[in-house]
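Colleague: This is what each chain is made of:
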Amino acid sequence: MYPVSELIKNLADQHGRARHNLLPILQGVVEQERFLSEYSMIEIARELDLPASEVYGTATFYSFLEYKKMGKYVIRICKTITCSMKGKNQIIKTIEDMLKINVGETSPDGNFSLLQTNCLGFCHKAPAMLINYDVYTDLTPERVREILTGYINKKERED
Amino acid sequence: MGSVYQLKRVDFIFKDEKDWKVILKNSISRPAHELINELISSELKGRGGAGFPTGLKWKLTAEENDLVKYVICNADEGEPGTFKDREILSKVPLKVLTSMAVCGHVIRSNTGYIYLRGEYFFLQKDLNKAISEFEEYCREINFDFSIRIFMGSGAYICGEETALFESMEGKRGEPRNKPPFPSSYGYMGKPTVINNVETLAHTYTIFEYGAKRFYDLGVQYSRGSKLFSVSGDTPKPGIYELELGMSLFDFVEEFGDGDTKAVQVGGASGFLVPRKRFNETTIGFQGKLTGISLPTGGSMMLFNSSRSMYNVLDNYLEFFREESCGQCTPCRVGCQQLLNGIKAVKRGDKNAQYLDKLLRLTETMQNTAKCGLGQSVANSFSAIVENFREEMIY
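Chains as they are written, first to last, in my numbering: chain G, 0 to 158; chain C, 7 to 400.
Hints in this document: simulated from the structure, not taken from any laboratory.
For every residue, glycine included, the Cβ atom is placed at its ideal position computed from N, Cα and C.
Please note: incorrect hints may appear among the correct ones.
[Unchecked claim] Quick list of the computed label-pair ranges, beta carbon to beta carbon:
| id | chain 1 | residue 1 | chain 2 | residue 2 | range |
| --- | --- | --- | --- | --- | --- |
| 1 | C | Met194 | G | Arg45 | 23 to 31 Å |
| 2 | C | Asn373 | G | Glu95 | 52 to 60 Å |
| 3 | G | Gly103 | C | Lys131 | 54 to 62 Å |
| 4 | C | Lys27 | G | Phe34 | 41 to 49 Å |
| 5 | G | Phe34 | C | Gln333 | 20 to 28 Å |
[Unchecked claim] Listing some non-contacts, in silico: residues in chain C with all C-beta distances to chain G over 12 Å:
| id | residue |
| --- | --- |
| 6 | Glu70 |
| 7 | Glu83 |
| 8 | Gly84 |
| 9 | Glu85 |
| 10 | Ala136 |
| 11 | Arg219 |
| 12 | Asp239 |
| 13 | Phe284 |
| 14 | Glu397 |
[What the hints assert, rightly or not] From the structure, some residues in chain C lie toward chain G, with a derived Cβ separation under 10 Å:
| id | residue |
| --- | --- |
| 15 | Gly87 |
| 16 | Asp132 |
| 17 | Ala161 |
| 18 | Tyr162 |
| 19 | Glu175 |
| 20 | Arg178 |
| 21 | Glu180 |
| 22 | Tyr191 |
| 23 | Tyr193 |
| 24 | Asn285 |
| 25 | Glu286 |
| 26 | Phe309 |
| 27 | Tyr322 |
| 28 | Gly332 |
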């Protein structure tokens, strides 16, 4: 059995196999796999006895349920009004220069993906970003460089 | 200068929650109708932005005969410029949990959910800890009530109550037609009370101090206090609890940087007020449609004269275009066309009169969109286009 099939089976055992358990299962797969492949969605549909199109339709509705392979660290820069006013473009430029990727891309080593997202709810500490589930606020280019260096070193230590 | 009313700071919401056990125990020993009357006489209205009377919501749900009912706390805080609910859930979570349980007692439900937006995943651990502590005490006093967190996955529209139910049921977050309302047909088709985080925190205040203390704050039709999320061009961004009914003029005196040209009240889906209207605008619930008193979920964004209102509108429209659930045509296509339209005017591909055509499109959206998202785009669009027309063109 593919490991992802096993993961899906475990998640279904844990949450249940009814329609209202679909979102926690999708979230669980994204947490482990970093995205929902076509294969995962078909497997989930089979496990929950749903049409695959329903699973696909639901999954693609939510912006945090990625269906493209993402990097180990997904950087989401808030682009809504206050963050935009307080210099999110500079932050994006800094990250693009540092990681040599553009918004929407994943670094070739598979470590970082750079995305923009809608309001993160930190307008009073703008600009803000998420790296996976961790929030960073009051960003400046210097601070972003520090934060990312931390992640790069962390990754190297792990390797 | 200004009105007689001055800004009044209040400190209820973030006041310590150490008495939660007493308040829970006392409240659930009172009959349901007494608690409902307490809420109704406090005149507390929903703090998520829509302003439905909370006591009435509980009453309608309590009157339903189903054996299964639900209490849901809406923590899908996604309106641009709003960040108060996170602060409540991280600082005084037990107030919210207590109020959910009291609501359970009132409507006869033993199941509560907190729908937490995906962006606030980091809150989950501490919140679960608070829930464990809370449920343990419930068991101690033999009160049957459980609370689970349901995580969202990044969809603004799921803050709309019926879209939230759809999402919890494992579907796309597409709003339902209303009626039926959640009080009779909510999550899983069962009667459901769904309240904003802040609303629940206010009910805690009311159960703690009585309806009168709450009612004495604010002005007629807009009783009590409210958390305001202040951001944008202000020297002191942050979260402030203020009495309702303040004039926008006073607000800007307090929070502006001396150069405020407009304030966005109620987030991107709310109302944009230009400087010339600060004096005649108050923040509260009455006169929702007259444009004189504006309701808000608490988002207050200030713009100073260095800001291009074209960029502001462009940013809002991009937000709506992405967050529209897409099920109804006026909203799905309308948001796209408004964004394309203002870009075309800016580029000079369309003449200035095209803006009037776009204004008519927002009217159509207001009349025909299925839910608040599509209907409310007109609010900020018309205010920006009408008051800052030259900025749209040149």
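Colleague: If I take the minimum Cβ distance from alanine 136(C) to any residue of chain G, is it greater than 12 Å?
Modeller: holds, 18 Å
Colleague: Less than 10 Å between beta-carbons is the criterion; does glutamate 180(C) satisfy it with respect to chain G?
Modeller: holds, 8 Å
Colleague: Would you check whether the claim that glutamate 83(C) is not at the interface survives, using Cβ distances to chain G and the 12 Å cut-off?
Modeller: violated, 6 Å
Colleague: Is the hint on tyrosine 162(C) kept, meaning its closest Cβ partner in chain G is under 10 Å away?
Modeller: Interface hint status for tyrosine 162(C): holds (6 Å vs cutoff 10 Å).
Colleague: In terms of Cβ atoms, is chain G entirely out of 12 Å range of glutamate 70(C)?
Modeller: holds, 21 Å
Colleague: Please verify that the nearest CB of chain G lies beyond 12 Å from glycine 84(C)'s CB.
Modeller: violated, 6 Å
Colleague: Answer holds if the nearest beta-carbon of chain G is closer than 10 Å to that of glycine 87(C); otherwise answer violated.
Modeller: holds, 5 Å
Colleague: A range of 52 to 60 Å was offered for this pair. Does it hold for the Cβ distance of asparagine 373(C) and glutamate 95(G)?
Modeller: violated, 43 Å
Colleague: Does alanine 161(C) meet its interface restraint, that is, does its C-beta lie within less than 10 Å of any C-beta in chain G?
Modeller: Hint holds; alanine 161(C) Cβ to chain G Cβ min 5 Å, cut 10 Å.
Colleague: Grab the minimum beta-carbon distance between phenylalanine 284(C) and chain G and tell me whether it stays above 12 Å.
Modeller: holds, 20 Å
Colleague: Do the numbers back the hint for tyrosine 193(C), that is, is its least Cβ distance to chain G under 10 Å?
Modeller: Nearest chain G Cβ about 9 Å off; hint holds.
Colleague: 20 to 28 Å was suggested as the range; check whether the CB atoms of phenylalanine 34(G) and glutamine 333(C) agree with it.
Modeller: holds, 25 Å
Violation of the numbered hints given earlier is confined to hints 2, 3, 7, 8, 9, 12, 16, 22, 24 and 25; the remaining hints are satisfied by the structure.
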